[in-house]
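Undergrad: Chains as they are written, first to last, in this note's numbering: chain A, 1 to 412; chain B, 1 to 78; chain C, 1 to 467.
Derived by calculation from the structure, the hints in this document are not laboratory data.
Careful: at least some of the hints might be erroneous.
Quick list of simulated restraints, FRET-style, between CB atoms [as the list claims (entries may be wrong)]: (1) A:205 / C:155: 21 to 31 Å; (2) B:40 / A:334: 31 to 41 Å; (3) B:62 / C:154: 50 to 60 Å; (4) C:337 / A:268: 29 to 39 Å; (5) C:309 / A:179: 22 to 32 Å.
Think of the CB as a built atom: it goes at the ideal place given N, C-alpha and C, for glycine as much as any other residue.
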Amino acid sequence: MTSVALLRQITDYANRADPYPLYAELRKTPVVRDEAGPYLVSTYWEIHGLLHDPRVSSDARNLGAEAAEFRGQEEDPNLPPTFLKLDPPEHDRLRRLAMRPFGPPHSPRRVFDMRGELGEIVSGLIDGFRDQDRIDLVDDFSYPFPVTVICRLLGIPREDEAHFHGWADTLAASLDPVQGTSEEREAQLQTVRQARADLATYLAGLIEERRRAPRDDMLSAMADGHGPDGQMSPLEVISTSALLLIAGHETTVNLITNGMLTLLRNPDVLQRIRDNPGLAVPLVEELLRFEPPVQLLPQRTTLADIDIAGTLIPQGASLWLLLASGNRDPQRFHDPDRFIPERPDNQHLGLGSGIHNCFGAPLARLEAQIALTELVRRLDNPRLVEDPPPYRRNAVLRGPRHLPIAFDGLKP
Amino acid sequence: MRLVVDLNRCQGYAQCAFLAPEVFAMHGDEALMYDPQADDTQREHVLRAASACPVKAITVEDEAGAPAAGRAGASRVG
Amino acid sequence: MPPVSADGYLGKFRREGRIVIVGASLAGLRAAETLREEGFTGTLTMVGDEPHEPYDRPPLSKQVLLGKVPYDHTALPRRRAIDAQWRLGVAATGLNPADRQVHLADGESVEYDRLLITTGVRARPWPNDLEADLDGVFVLRTKDDAAQLHHRLKAGPRRVLVIGAGFTGSEIASACRERELPVTVAERGPAPLVGALGGVIGGVAAALQREHGVDLRCGVQVTGLEGDPAGRVRRAHFSDGTAIEVDVVVASLGATRNTEWLAASGLGAGPRGIACDAGCRAFDVRGIVTDDIFVAGDVARSPHPLFGYQFLSLEHWGNAVAQAEVAAHNMISASSDRRPHVWMPSFWSAQFGVNIKSVGVPPMADQILITQGSLAEHRFTAAYGHQGRVIAAVTFDQAKWLDFYERQIEQAAPFPTDFPTVDRRPEGMQPQSAGFPDPSLPSHGPTVTLSGHSPADRRISFTPLRA
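Work the whole structure out from these sequences, hints included.
TA: Structure representation (structure tokens):
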């Protein structure tokens, strides 16, 4: 394989269902420069090192002029960047402010106390399968579950989902690199801009409502909260809540769907989790290694020339960190292509690492653990209708678009 | 139930404090304090926390005094 | 057991040999587990001077003093069953390497084929015995110490005096402030933590203390403790002529290595620990390595390739675990299968809501560079340099970056670092003197001690601390 078409092969939809042979090929050269400019990093220790490397920036303004042309998406000039795309100290300040209403040290029980609620939402959705012998797991379960959860957490009316569904999908897809002719690219960017503007306008109205009449939700807390770091500006509240809304469901939907797909492909494991529901806990970690919802991080850049694995990455280069490939690196994980639920020392890269590690990780873990345990417990004789299932276009946020499952009935 | 956290490994990801808040607590943004002898009723949550630890810093002893899930990763060697 | 052949001896030893571990704390326990894990099936005897099974100490100065965790909640979890004979509450009083016997305080002796010494350290007491005996004067090392001190803090003393602002002293002061107790900290050096992290970081530690309401007094010594007629401590006098009323005094003067019991053993054991090779085998006073006596944990001092092969004494939790594992492995392995202990020195401290972590050997450094963040915000990463190389790093609430600096130390990367980083501030443009005190002056706080290249500790004269 030449370096000519690496990036294109990763984004090529033909490789979506099973990108892992391509990653294995890539790992033969831990760091390789794609013809389009980005440096692709595919091995565990190199990715891990770069995630903890203070010479690596998440701020697109640090890209060199050449690399900037190929970056996945442009910033919205009307909204401040989210902490996802900022370096310290701005990243740290915004993330701490967003964390205040979500987790420790300020709100240590917020997620923990949602366990009962999560279980009820899951039970309600599965109850809805009664009298059916076939579902689309994505549309009927994996999508509505985390959407309901993130709406409740943020304080967004669940019935507004019809509004933001399209915007969120567009923005999730926009994490992929923009491709095609310059006209096609401009059209794609225009769609993204419009979705972002529409979502921002929608959220701004909601945030204003919460500011006037606060409730016990994250929007109210972010709009009104203040602590040692001061408070978010009104625009920061909008961009942060947009990020949390999208990241809060576009990733978890894939985690749950990938989980069920993997279990149905491994009936012995499915039976074991049925016999021992506690196995769902380590199993979700293995799932995050084996089929991570975020396959790669395409938005880092170098603040200096960095020599890594024998390759000199120049300052200002665009870096693609292939998390899903690092997770299958045989130099780090024994028998990496096997799904082993109780894999020891499973320090996967599925939720990133370092300061940009997944903000919603504990919630995603709980959601997936509860969802998979209940699906396995209640669906009688579940089976795949087609394998592989049809996938979404997205290469970065990869997962099935539909997962038709047949079953013989529901257990109470 | 006994547990210990290798705080050299710990980088303050706080997953344990989210998932078992009665046993693990963040003290400030990054420092972790925990109950090394948590009540047995917390077992399910503690195992969840140990499994979620991104750096596998939590070692939990099972009821029989043998290691349970979540034995810490190998010690670092320089 | 007479060795017939090396292999034959080893096989038989692994099956039915006798291993004695003196020191039943973290290192001793982890070593015992490793021995069993790696297939040692002979008899294993654990000797410990405290009457408790192995427990963890770091929580004692934090969760336990805060009352969040009971003092008897820190027993260490077992990685596996170790099937040992326990001799707890009985100190070892002597060692006779010729007839392979450890003598115990109860008059008995235990024979071994191989011995592991993990006797650790103890708190250095207040040097004036009469004053140290006053009611209300404490040290903090054991869980019994912690139980008594916590009990007294809970009673709401009018003021607590902490003598010595190393890590333990600073953590005690932090716990007192969190309990809203008035606390004075007296430090003979120019700043807290100065022995471990130098004056630049010491300045941050001092600011943290003062911002949290600690009455911090640096550059002073406590010249005397005064009691009331009932024998309770009431007043402390300082070298600057001042005095304060106190109900509780905690002497936090660092640690003394538990090696006195080896004085007549012929081992290279002294106040700075027991010298051993990188494979954890003890040296005798002649500088000859023994083959059946091993050392691990706080009491060991061993040469480290990353730090000029100087003997390092590391009072670090992680070192105790890692060295115990190496020692145990080597005790039951053929020489070709033995491993060196080349652990990267690492430690942490939690105080005043800040997580302090360090890698490498800061006290070896002459310069420091604030590579990320800001001292004034108490969130930063600093790299330490020695002779143009990165030798250590410390983070305040920035632990996620520390891995990178650990690699820099391993690679002996140039110092000052010549690359930009995220969050570089104006204060991070130039290195400055790290501000370590004269190493010939004893300090309260270093957790790493560089102790030269001599395996026999003889040339070092020990001066008891006069605080």
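Undergrad: Against the earlier hints, flag every one the structure doesn't satisfy and list their numbers going up.
TA: 1, 3 and 5
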